[in-house]
Each structure stands twice: as C-alpha cells, then as structure tokens.
Amino acid sequence: MPLRQDIKKVLVIGSGPIIIGQAAEFDYAGTQACRALKQEGLQVVLINSNPATIMTDKAMADTIYIEPLTLDVVKRVIEMEKPDSILSTLGGQTGLTLSMQLAEEGFLDAHGVKLLGARPDTIHKAEDRQAFKDTMEKIGEPCIPSKVVETVEDAMEFAKVIEYPVIIRPAFTMGGTGGGIAHTPEELHEIATNGLRLSPITQILVEKNISGWKEIEFEVIRDSKGNVITVCSMENVDPVGVHTGDSIVVAPAVTLTPPEYAMLRTAALNIVSELGVEGGCNCQFAMHPERMEYAVIEVNPRVSRSSALASKATGYPIAKVATRIAIGYSLDEIVNAVTGNTFACFEPSIDYMVVKFPKWPFDKFVYAKRTLGTQMKATGEVMSIGTSFEQAMMKAVRSIELSLDTFNLPKLAALSDAEIIEKLHEADDERIFVVYEALKRGVSVDKIHALTMIDEWFLSKLCNLVEMEKRMARGGLTDEEYLTAKKLGYPDSTIERLTGEKIAHPRHSVFKMVDTCAAEFSADTPYFYSTFDDENEAAEFIEQHPTGKKKIMVFGSGPIRIGQGIEFDYCCVHCVWALKAAGCETVLVNNNPETVSTDFDTGDRLYFDPLTREDVASIIETEKPDGVVVQFGGQTAIKLTKYLKDMGVNILGTSPDSIDMAEDRERFDELLERCGIPRPQGCTVFTEAEALEAAEKLGYPVLMRPSYVLGGQNMIIAHSDADIIEYMKIITAHELENPVLIDKYMMGTEVEVDAICDGKDFLIPGIMEHIERAGVHSGDSISVYPAQTLSDKVKQTIIDYTGRLARELKVVGLVNIQYVVYRGEVYVIEVNPRSSRTVPYISKVTGVEMVDVATKIMLGETLESLGYRGGLYPEAGYIAVKVPVFSFEKLHDVDTHLGPEMKSTGEVLGIAKTFKEALLKGLTAAGYRLKKQGGVFISVRDTDKKEIVSVAQKFSDLGFDIYATSGTASLLNRNMIATSTVRKISEDPDSNVLTLLESGKIDYVISTSAKGRMPARDSVKIRRKAVERSIACLTSLDTANALADCLAMKETIADVPLVDITKI
Amino acid sequence: MSIWMEESKAAYLLLSDGTLFTGRHFGAEGTYIGEAMFTTAMVGYQEALTDPSNYGSVIVQTFPLAGNYGVNAAQMESSRAWAGAFVVREWCDAPSSFRCEGDLDTFLKEQNVVGLYDIDTRHLTRHLRDHGSMPAMVTTQDVFATKDTLLQQLAAWKVGDALRAVSCREMKCMPASDAKKVVAVYDYGCTNSLINRLHALDCDVVLLPWDTKAADLAALSVKGVILPHGAGDPESYGEAVKILKGLDAVGVPVFGYGLGHQLYALAHGAHCEKLKYGHHGGSQPVLDLRTNRTYVTTQNHSYTVTGISPDVAEVCFKNANDGTCEGLLYKNVSSLTVEFTPGAYGETLLEDFVRGL
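Chains as they are written, first to last, in this note's numbering: chain A, 19 to 1082; chain E, 285 to 641.
Among the clues, some could well be false.
Under the rule of at most 30 Å between Cα atoms (straight-line distance), these lysine-lysine pairs were calculated in the BS3-like manner [stated by the list, open to error]:
{"#": "1", "chain 1": "E", "residue 1": "293", "chain 2": "A", "residue 2": "520"}
{"#": "2", "chain 1": "A", "residue 1": "569", "chain 2": "A", "residue 2": "642"}
{"#": "3", "chain 1": "A", "residue 1": "520", "chain 2": "A", "residue 2": "441"}
{"#": "4", "chain 1": "A", "residue 1": "488", "chain 2": "E", "residue 2": "293"}
{"#": "5", "chain 1": "E", "residue 1": "464", "chain 2": "A", "residue 2": "156"}
{"#": "6", "chain 1": "A", "residue 1": "458", "chain 2": "E", "residue 2": "293"}
{"#": "7", "chain 1": "A", "residue 1": "93", "chain 2": "A", "residue 2": "132"}
{"#": "8", "chain 1": "A", "residue 1": "811", "chain 2": "A", "residue 2": "642"}
{"#": "9", "chain 1": "A", "residue 1": "243", "chain 2": "E", "residue 2": "615"}
{"#": "10", "chain 1": "E", "residue 1": "602", "chain 2": "A", "residue 2": "243"}
{"#": "11", "chain 1": "A", "residue 1": "429", "chain 2": "A", "residue 2": "441"}
{"#": "12", "chain 1": "A", "residue 1": "972", "chain 2": "A", "residue 2": "931"}
Residues of chain E clear of chain A, computed beta-carbon distances all greater than 10 Å [to be verified]:
{"#": "13", "residue": "439"}
{"#": "14", "residue": "505"}
{"#": "15", "residue": "533"}
{"#": "16", "residue": "553"}
Think of the hints as simulated: they come from the structure by calculation, not from any bench.
This one's a predicted model, so the numbers in the text were calculated from it and none came from an experiment.
No residue lacks a Cβ here, since even glycine has one placed at the ideal position from N, Cα and C.
Take the sequences, apply the hints, and build the full model.
Structure below.
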C-alpha cells in the first residue's frame, strides 16, 4: 500500500532528556522518522524537551516544541496544532507511554487523531505483564514462570511457590528501573517495595530466576500487510541476569545451531505477528544452554537501543523503515537505501562480526555499586566491526575510553589467583577483564564457564588473545605472526609494547563494506570498517566515485558518557551538513551506534572504527582528506590533534598549538598574563606532599582536578588536608601522566560563553549565567540565557575578555569560556577551544547556527563575509533555562550532592517570555513535580547556615512544614521559622531522618554537606533515601532558592504559552 | 583453527578465469574441482555440505566464521557430504553447543571435503558476483607450476550427471509413525528435512529413483508427488523431463521446488535460463501474487524458468528484487511448483498441498 491519504500532519513525540536506559538512540530514531515523514511531504510537529538533539533542529520538522513531555503539555500541542496522526513508536518508552495514555483517555479519538506505529491493544499486550503472559500463552510461546502482583505480600507468597532466587520487574519503567534479583525474603521485601513504588501502575512481576541462560535478541519488522522479517539476531556475551544494555553483545548470534536459531526466529516472528506490530519490534529470549528450551523474556513494540544497534550492525535503517510502514507503506514497496536496487523486505546478511561494548559511568562515580543486574547502568556504548570476534573485541576495548588497548586491566595484576576466581562470581563492569586475567593465569575455560555461564565459545576466543600475547612477550615475531596479531586486532603500538621490538614491516588496514547483503548485490551508500586483508574496498569505492570536491573528514565523539553527551554528536552532524552545503565531500569517523552521526547517509562516507591514533591513521591513508575537523567531537577528537598534526594532516580551524595553549596549564597562565586577564590563583602538583603545600599557600577551600579533563572528571573542592589526601590516593591509582591542578576556589557567579571566531573578529551569540554559584559543575548547573543578574560593566568585561582570548589564541571556529564573577570582578576559569555542551541550545534559542557558521569560517569565510557584526549578538526575545537531569535512581551508592564533578546525564530546556516561566517549564520538564504544599526537610553544613534562613522562610511562607536536624532546626526556630527537629540516623533507629523520608511527609529535601561521596556518611544516606523515594533533593541553596521562587508563582505550567522554536 | 596459521599448509583456490586465492588448508587433503558458489546464510554449514543439491559445488561461505557449534548427526541433510570443497575465512576448533558431536575439520576429513580458510572471502564473493559462478579448483598442491594445465582442466569441467549421482537407485519406503496418506518423492536430491516434514504431516513417503517411469508411479496409487530440489543444469536432464511429461496422465497432483520446479516447467514447454550468480542464501524476498504477501525465502539455485504459456500455468510467485519467476500454478492438475525451498515464515505451501491431497 502506498502512503495513506488520510495522513497530512503528524505529531512526533521525542524521548526527552538523556537518562540511563534512554539515550541518543532515540535522537537517531526520531531524526530518521522526521526525515522520512518530511520526504513524504507530510507536515511534522515535534515535541521533545531535550534541546541537545538533532531532531529538535529547525530542518527536522515544521513546528517544534521544546517543552515538558507531560500529558497536559502534549494535549495542548495537539489542541493547538491539530495533527491528524501521532507517531508513538519512535520516542522510546516516554513517547510510547504518553501516546498510550492519550489513547486510553479517549483524547485521541475525541480530537480525531490516529495513532500510528502501534495500536493501543498492541502496546497493552506487549507492556502489561499479565496481558503479555496471556498473549504468549495463547500462541504457545513459553514464558518464564511468573506472576504479576500489586502488593509485597503477594510477591512473597509467589516467591515461596517458585523458590528463590526470584527476579522483580516493575511494570512500565525504563531500563528496568527498580528491578532486581532477590535471593532471600528480606531482599525481596526491599526490592518489591521499591519496584511497586516506581511503577506508575504499582505493579511488579515476580519471576523465576533463569540467570545463566543465553540471552538472545531478534529485531523484527512487520508491516500492515503482515509481511514480517527479522533484521538481525544478537547474542549477549553476558548471559541472562545482566541487563542487555549492560551486556557485551555480538551480532549475529554465534553459538546457536540452525534448529535453535530457527526455533527462536520463528518464535520472534510469531510473537510480532500476534501482537500486530506495524513497525519495529525487539524480542528478547532466554535459551537454555544445555537443551532445546527457551523462554520469552520481553518484547518492545517500538524502536529501541537494540534496534539502533541492529540498524548500525546490518545497515538496515529500522527507524526509517518503521516510519514508512506507520504511514502506510509495506516492506516490499520500500527500497533498501544501502543497495539502492533491492527492497526492504529481506533479511540482511552480514559477513563480519559486530561487538557492542557498554560504557559505564563508574570511572566518575568511584563509590557507586558496580554490580550489574536487571537494572541498566551504562550511559552509552560503542560498536565495533571486525572480520573476527577477536578483532571486533579488541576494537571495542580501545574505543571505550578506559585508556586500554587490550583486555589486561592493570589493577588486576596485584590480585592473587584465589581473589581473581572469587571476583569471577561477581557480574560487574570489570568482569570481562577478570575473565581475561583468569584465562591468562591458566584457569580453565570450563571452570570460568561454570562460574560466569559465559559461553565457552567466547572464552575460547579470548584464549586466542591470551595465546597471542604470550607469543608476543617472547619477541621475534615473524611477518606472518605479525599479520596474525593484526587480524586479531592489535594496534602496532600495542604490538611494539608487548614484544619490546620495532615492527619490521608495518601494514595499514584495508576497509570492507557494510552493505546489508554480504556482497550479494552492489551497494550505493555503503559504510566501511577496517580489517587486515588483501582487497581495500574503500579505496576502490573512492576511485570509482570521484567528486572533484574538497574532501573533509570529521571525527565524532565516541561513546555517550557523563560529560560528553549527545551535544557533540549534534555538533559533528551539523558540521557535516554545513560542509556538504559548502560543496565539500564529507567523511565521518565514529564508533557510537546510537547516534545520528553514524547513520550511513549523514556524510558522504562513514567509517565505523575506533577513534584512536592508528585506526584514524589508516583511514586517512585510504581517504587522503584535504582537511580534518577535530573541534566538534569533544575530548575524544581533540585528543587526536597533536598526533594528526605530527602526521602532517591539515587540521581545519583553531591550530593545534592554540589548543595546546589552552590546555597546558603553564602556557595557559602565560596566555592570561599576556591578555591581562585574571584567574583564580593556582598551581600544578604531582604528589600528595606538593598538593598539601599548595593548598596551604592558597588557603582552603581549593579546587582540585587533573589537567586534560572533560566533564569535571575527578574534580573536587577540598576543604581540608584530609580531602586532599583522599583525593590524591584516588587520582594516583591511575597512571599520572598529566599533573593535578589546584586552584583557589571562588564562590561567585558562574558565567559561560560560547563564541565563534574567525581569527580576527568574534561573535558571542549569548551569555549564560548559572543559577548555582561556582563549584557546581557547569553541566550540572541550571543555566539561564540571557544572563539575568550581571551588570553592564561585568557583561562588557566578559565581552572584552572573550575577544582578547579569542584573538590571542587565534581561534578559528568555536571557543567555550567559563568565567566566575566574584565580588564584581571577572575571572577566567577555563577556556575550551572547541564546541561545548551549550552550543545546541544556544543555537536554537538565538537563531545563530553556531556550528554552521564555525564550519564556514574554518573553510575560509569570515564573520564579516557571513554578515555578522562582532561582539555580543542581540538578545532573543525569550528566556531559556537549561535544567540538568540525573539518573541517580539507576546508580546505587552515588552521592547526589552536586559539586565540581559532573553527574548529570542529560538536560531539558524551558523557554518562555519571562525568567520565572522559563524556569517553571525547565523544572517541570526535568521531572520536578512542583508540589506547592507538604514538607521540606533541611540539613545543611555550617557554612550554609547563614543563607538557609531566607530559603527556609520562603518555604515556610508557602505553607510547607519544615523539618530539620537539631543544629539547623534550632537555628531556624531562633529565626522564627517553626521547625520540627528530626533525629539523626544514629540517634534512634525507629524514628529518624530516614523514617521521616519514608513516611511520605516530605516533598523536598535540602541537603548540603562539607564532605560527601562516601556512602557510609549520614548526609549521603539521606540523599540516597530521597532518590529511592523519588523526593526532589536539592544540594545547592541556589537551586533551592530558585525552586521556592518558582513555587511561589501564581501561574502554573498550564498558564505559560508554548513556544514554537521555529518561529523564534 | 589454531591462531598459528603457519602450522597449517598452504592451500589454493583457482577460478576458471585464472584468479587465484592463496589461503590455508583444513579438512581433507587433495584436489577438488567444482562450481564455485557463495552462500550468504549465517548458520547451516553442515546442512549446506550435505544437501544433495550442492553436488559438485565449491561452497564459499560469506559469513566469516564456520564450525562455531560443531557438527552433529541430526543436522545431516543426507548420509554424506555432496559439496567437495568448503571455503571460509575462519573455522572454529573449539566448537560450543550442547548438541555438538564433533568439529568441522574432522567432519570435512571424514567426508572427504577439501577445506580452504584464511582468504579474503568477501573479495572472492564480489568476484563471483561480478563474473558469475564458475568452475573452481581447491587444492593443497602447488598450482603455480602447472597453472595453465589446471586452467584447461577447469575449462573442460562440467558438473556431469548430478541426478544419477545423488538419486537413490531403488525405490525406498519410509513410513511415518501414524500415516494417513502416501506421497511419492522423486529423488533429485531429497533431504532429510523434507522427509521429516512429510512424516510430520502423517505421510508415508515412497522415495523414487529419479528415472521412475510414470506408469510405475501410477501403480503405487500415491496421493501426491513431490519433486524436490537437486543439483545441476535442468536443461541437461532431458530424460527426467520426458518422464515428467507423462505425469499429468497419471492425474496425481505435483508439488515441486527448485530443480523439481524447473524440470516440471520444462516438461510443460518452458525454458530455463542461467542466472548470473543465482539465488543462494536465506534472504530472497518472494512476492505471492495471489495474496500480495512477501515471504523471505531460502534458495539455492542458479536457473530461472521463462516462457511458460499462460494457458498451461500462471506465474503465482515472483522475486521481489529481480522480478524473476518464483512459482507456477498449473491449470491441468492442481500442481504447484516454486523456485524456493518451501517453509518460509508465514507460508505453508507444502503443508497446504499435502493436506489438500
């Protein structure tokens, strides 16, 4: 069937802020969807609260609302825009749940809106635990023995029947939030209580534990005619028990015999047909490792993280095809965009191995519980492609940004054999390294399999790497052995390190195509991966497709992690678009399967490979680009600068020397001196003794961080010698290549500027001011554009300093500068000669397409030639408030106290005519429930006591009941604010802060502490309890103050007009 | 496969156009000449090797890994391997599966299949895609000194009479446990999975030598006849076609697939054309023109049927990619023949045929 004639205007719901379990993959899916709809000539209305996305770009839709993704707001959009249809399956769980609520309430029917993609009954059958079980039973698909319960008592009762351990899965939560495995009734009680609370319908599934079975996934696509295909099978290296988002996954499945494969494939097709999905669907199975028995784990009737992976692993654009299906097309009418001459109704064949490796935030959250289970903890992932499993694994490990190039984790070397074997019992983020260490020490494959249930096949393959490394250690590699090492995935630098010898005849890699069909048909729009073989298809392809254009290569930003998120993908993609528009041939290099940048038709060519020196060198050798761009790919790409320069590659934009000048502390100091710009006093140290001495000189508090960081990794404010000692212990656990920086900490207003410079002139699209004073990482601060409290003099100083720095650094492109305004004086904190987190949102709000302009400048234009006057760009008519979003409920034991180390995973934006309205929108979008009555619990450190009084007064005036621990309480009572005193945890086990938080009386917690991080501290426990009970917890008085002002507003979100950002 | 490839001998693949690939040897030693064809299936190497329709083949697997799950008796499509050589990028010497009964290398040795690994199989596949499948030699002997002679040998090579080679010599009864009807199968290269499926449909199976005369078939009073897939060039099987011409007179409905489909069509006045590189693998989309549904089918053949008279049969399936004929519905008796192996998801052609008997 062709395009449905009754569809003219479609509402697309995005997935909102990036959180663990719902990340960039939905920007990829949503962007594909919007483009597919627009290609059909349909009008697209988009709502998404996430400003860092590509899908919220003006080019993507006709009308765009960056507004809170609440039911009421979506309803208002529907009433205003009157779309005839709504696409429910491309916006993750958020989009699906909202669509379902709208349908169930009858709102869609009442407004004549059709639900595309998945019918309510399909969603219900797949998502409601009982309905799902009934459906599976009906078609004879085996499920795991389980029961849906709504009370803890029923959960306990059923667990007795099926025997411990049991798994708890809350209904309608993302990424398995609130789930877990219970081995005892006590554990069950805790997990069930938590799960019931987190489930929006107070429902959990108690299920027999089948941990250790193989976990197999199928991605399926079905159209309205009933045509149905599987796009890809995937096998989790980590068996059932570890969330698939936290598992190392390979595609295709490799340990299934044809009957097992056929059995699961048929099951997947049966399920999708029965559910009546029209679009993409993910089916997860558990396969018994020793017999022909399987069980259906879960089904997602929408595009997902797995479908993004399957798309990139095969070249089959699932989201695009799913969108076409939703608007009426059938699979046999949709052309396969990669081959260009076959149709989408086929099952891709692949002739390589794909590995997906998760990226966890534990390098940031040193005290977080690292155990992996049914609740996802990874923030992102990388994908690698190789002609062997070993090669793909080796590529993955060097892509994941742990400073590793093999599976040898240095810290494991110190453990005894017994400790290593003991550690094999734990499924955590380091398990694959522990397995490798065990293999190295001669622990048998059988024994490791028995302990981990990782299939022997994977373990045997890892043995090949162990064997290779043993051979290398003996030195004297023959050319043939060297080639074997290359085929197994070892970079030259690693081989030289392991053998201790120079390589006699180094080789460059060749490139093979990803073409969906294992070379059966010729391909139009292929992408490439490296391997060691005889034929270089990329070279051949380039030769056969000469364009005569200038060729520019853009490096992506790798896996999504805290501090380097989707914003950088936005910048890379925009850079590519700008280059294309300027008539260049573009080549993208990236390793993140979730992103738009790794969509095969974003650039002219895509290389899906690690962003490390040697990998990049091989690509450059084959492509011979006229220039490369590093400033949009975050620190991942910036890190390559010096190497590329040494290779003689032409780096567009700001020179490598200037980049170094901004990052090298001594050179940076000289630079500031030359410019006559002050910065907080500081110095560099290598040892604990030096650090203590420096702090003594500067005076506490001091700010400590390693040089060359992004996202404030391992950054703290030290208030005492003890803090410094603790910090230096952690930081020196890793190799200390770069020194530690110690600065005087100034508690002023933090201001941030993104500027575009052409080497001579500069343009500041906007000045942003943070609500939280300096000390809270800029990524975790509520950021307001335009700045609200700065005097004209301060603004002028900032403009002046920005200009001086940009000129002195000869910035060509983007630069991000952070300032602190302390007692009326402006100090520079940091200069980053690259794109930043705030670029997408400032571009959208001010209308200055920053990346576009910067790219053109890199190609030789000037601000003047592009029609921009220098200095500060006129302020937009709107206030935009960026509010960070955290994933604390997924990460146990992480202190939620905000500080110089970034903790947020995503962000939302509130746009309105006034600051307060924008803040209201921002907070609402970030998930604050903004209750105007109830209780507030306050516990603050001594230094905050002076200021807390006025904040508490505001809450008290609003009618909130105030609770506080003794010190804070007596202070407030003395200041005539009626406050109930709450006992500390140690004072009374039955009636204390924690029991108060559990009682439901508390709606807000204000908690600050001088010391934090250690999970055992009371203040950390209080904040964790708040997370568990979903109580808003404010760890900065500035945030608390802003929130109180917001609550005092008479208006509610319903009174604030919605803003179509395409009309700004 | 040990990662120490230098521990295994060099082996070669020489194509009839002179292209030479040098890799390493596994499986049986020696020299084998056959038709080089690639398969894009990602599982099923044992089935492919033992499928009689691969008689005379040098199988090139595009998926880089083989032998992951080993081999087992239950996955044999017939009693032996029919392909004579197997080419893959990498084979696995530590197979992992609870069903595993042996490794691929040992199996190839037992079955006398010459193995070649560690070559750029994608390069080879693209070569075969662009130039068509062609005769090839896989050998562990030196090919450089005698290359010209070997090329002459390759030029002269013909697959030969595959039917005679793979077919049973005598009629064989294969009873089901709870039979309700009897069907006959002409053994053009019958697979165990076909027999198992017929048994599952409660049919006793009579396996007939390929040259069983129509009159002899009539005497068996079977309810239906299956003409399965097999190996070789359909146009070279004049005798088999002649026999099939007599089948209509018996009045028994026929279900054919692959070679069976081609021969039956030839018996009804159609022609067979060789496709450039055939349809091999598990992902050929086939459109059912009657229902407008598309099925993803498994195919393994190099020919397509053309020129059937619309008075004799109507084309009821076509390939969704290249538009070639994929199935014919005959008008005289209710016979249905298709190019693909029946049993794609959502399609129950064989089952419907048998149930309708």
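Hey, does residue 533 of chain E actually stay past 10 Å from chain A on C-beta? 39 Å, holds
Hint consistency between residue 464 of chain E and residue 156 of chain A [alpha-carbon to alpha-carbon, up to 30 Å]: 28 Å, holds
Is it true that the CA of residue 458 of chain A sits at most 30 Å from the CA of residue 293 of chain E? This hinted pair holds, its Cα atoms lying about 29 Å apart.
Distance restraint between residue 429 of chain A and residue 441 of chain A, which requires alpha-carbon spacing of 30 Å or less: At roughly 13 Å apart (the allowed maximum being 30 Å), residue 441 of chain A and residue 429 of chain A satisfy the hint.
Going straight from one Cα to the other, do residue 93 of chain A and residue 132 of chain A come out at no more than 30 Å? Measuring from Cα to Cα gives roughly 14 Å; hence the hint holds.
Per the stated criterion, does the least C-beta distance between residue 505 of chain E and chain A lie above 10 Å, as a non-interface residue requires? Non-interface label stands for residue 505 of chain E: nearest chain A Cβ at 35 Å, farther than 10 Å.
Under the criterion that the straight-line Cα-Cα distance not exceed 30 Å, is the pair residue 243 of chain A, residue 615 of chain E satisfied? 28 Å, holds
Need the status of pair residue 569 of chain A, residue 642 of chain A: alpha-carbon distance at most 30 Å? 8 Å, holds
Checking one constraint from the list: CA of residue 520 of chain A to CA of residue 441 of chain A, max 30 Å. Satisfied? Violated - the C-alpha atoms of residue 441 of chain A and residue 520 of chain A are around 36 Å apart, more than 30 Å.
Sort out whether residue 642 of chain A lies within 30 Å of residue 811 of chain A, counting only the CA atoms. 49 Å, violated
Checking the smallest CB distance to chain A, is residue 439 of chain E really beyond 10 Å? About 25 Å separates residue 439 of chain E from the closest Cβ of chain A, which puts it past 10 Å; holds.
Run the C-beta distances from residue 553 of chain E to all of chain A and say if the shortest one exceeds 10 Å. 30 Å, holds
When each numbered hint is compared with the structure, violations occur for hints 3, 8.
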